[in-house]
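Please put together the full structure from these sequences, using the hints given.
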Amino acid sequence: MSIFKMSVACFVLLFAGTAIAKSYDFNLETATVVADVPNRWTPMFYQNGIPLTFISPMLKGAGRATISIVPTGHLKVWYPPEIAFKSWKKLQQDHRKWLNGMKGKLIKFDPYVVEKWTGVLISHNYTWSYKLAGKEWIASERKIICEADAQMYHMTTLHTKAHEKKFAKQMNKIIKSFHCKKLNKKQLDRIGYQPR
Numbered sequence: 013m014s015i016f017k018m019s020v021a022c023f024v025l026l027f028a029g030t031a032i033a034k035s036y037d038f039n040l041e042t043a044t045v046v047a048d049v050p051n052r053w054t055p056m057f058y059q060n061g062i063p064l065t066f067i068s069p070m071l072k073g074a075g076r077a078t079i080s081i082v083p084t085g086h087l088k089v090w091y092p093p094e095i096a097f098k099s100w101k102k103l104q105q106d107h108r109k110w111l112n113g114m115k116g117k118l119i120k121f122d123p124y125v126v127e128k129w130t131g132v133l134i135s136h137n138y139t140w141s142y143k144l145a146g147k148e149w150i151a152s153e154r155k156i157i158c159e160a161d162a163q164m165y166h167m168t169t170l171h172t173k174a175h176e177k178k179f180a181k182q183m184n185k186i187i188k189s190f191h192c193k194k195l196n197k198k199q200l201d202r203i204g205y206q207p208r
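One rule links them: number in the numbering used here = place in the sequence shown (from 1) + 12.
Derived pair list, reagent style DSS-like, types lysine-lysine, alpha-carbon separation capped at 25 Å:
#1 K34 / K188
#2 K128 / K88
#3 K155 / K181
#4 K143 / K177
#5 K173 / K185
#6 K72 / K177
#7 K34 / K185
#8 K101 / K173
#9 K155 / K173
#10 K109 / K155
#11 K117 / K147
#12 K98 / K109
#13 K117 / K101
#14 K155 / K194
#15 K102 / K155
#16 K197 / K88
#17 K143 / K101
#18 K128 / K181
#19 K128 / K102
#20 K115 / K101
Since the hints were made in silico from the structure, they are not lab data.
Encoded structure:
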């Protein structure tokens, strides 16, 4: 997708009516994903190397919440819950190490959760919360396998406790509306897919 097309897409979404949320297709290099975008949320393309990020309205004293989407290019992934659970245990160690280095304080690790919704075969959800720089943060990491293309996607949500109180329903709307479309030949070529 060209920079011009991305800019136009952002412009249209920013000024598209006053509806609570509208469904949009996002054409990325290796995927086409669909999500409902709440009013005043902004989709950003390829910021810091991330293909798609949804950014909340500014919240005074708390900044913005973010939901990031990264297609992995791994198709037909077999990712059973027992493997995902081990991954979560390893992530907990990594998060503790990072937080100690940042002089933050762990609040809790939530239980590992398996979810699914329309268009999504399975979502492995890891959530943790911590205090850093005077704020309470909540981070969620999801490994999602879509029904249409069986590709694994990483979805990362980062927000403060204040964002959760203000935008919880809107964030959940984006997350639970997320799904993908079947990959076209160009997208398959970009991820180097070779049919057997």
